[in-house]
Amino acid sequence: IYIEPDEIVNNIHDLIEYKINEKYEKTCNKDYGYILKIENVEKNYTNIVNTIGNGEILFKVYFICLVLKPTKGMTLSGKIYMIFRHGIFANIDQIKILIPVSKLNKWTFEKDQFIKDDKILKIGDVININISEIRYEKKNFSCIGTLYEN
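Reminder that position 2 of the sequence shown reads as 2 in our numbering, one-by-one numbering, no gaps.
Note that these hints are calculated values from the structure, not bench results. Predicted model only: the values in this text are computed from it and were never measured. Be a bit skeptical, because a hint or two may be false.
As the list claims (entries may be wrong) - Listed next, with one range per pair, are the computed distances between beta-carbon atoms:
| id | residue 1 | residue 2 | range |
| --- | --- | --- | --- |
| 1 | K139 | Y62 | 53 to 63 Å |
| 2 | D125 | T46 | 24 to 34 Å |
| 3 | D118 | Y2 | 56 to 66 Å |
| 4 | V67 | V126 | 14 to 24 Å |
| 5 | N105 | M74 | 13 to 23 Å |
| 6 | I115 | Y136 | 13 to 23 Å |
| 7 | Q113 | E22 | 34 to 44 Å |
Every residue, glycine too, gets a C-beta built ideally from N, C-alpha and C.
Input sequences plus hints: build the corresponding full structure.
The structure is reproduced here in structure tokens:
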């Protein structure tokens, strides 16, 4: 993390933590997945003054973060945000998941909801989804899944 000389304050740790959150939280990386939350920023770090340029100070900081990386076969809970005759869109944090109608065994589409026996799936419902396909592009994951029913 780079700190400008005029940003130096008494409690530099709070500033470093703020900059780490601002730069990394809610971002996505193909190798690590979504960084959902920065959990712990080490207070012991090293720093180097950049003598070329404007004298920024580089802090080498270690931190622990909570991540979510979708993998095939993973079952997650997500919230339905769109229902249409071709399937259901749900999201789990920032991951968008399509459950195509072909994966909704014995569910019938009727007026913005899916019905099966005495059960109804509608916008806002939380459902369990088994991830079957994953794609990463433009710094985001998109997935196809199947409805996981107990």
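Comparing the hints with the structure gives:
| no. | hint | result |
| --- | --- | --- |
| 1 | K139 <-> Y62: 53 to 63 Å | violated, 23 Å |
| 2 | D125 <-> T46: 24 to 34 Å | violated, 49 Å |
| 3 | D118 <-> Y2: 56 to 66 Å | holds, 59 Å |
| 4 | V67 <-> V126: 14 to 24 Å | holds, 21 Å |
| 5 | N105 <-> M74: 13 to 23 Å | holds, 20 Å |
| 6 | I115 <-> Y136: 13 to 23 Å | violated, 34 Å |
| 7 | Q113 <-> E22: 34 to 44 Å | holds, 40 Å |
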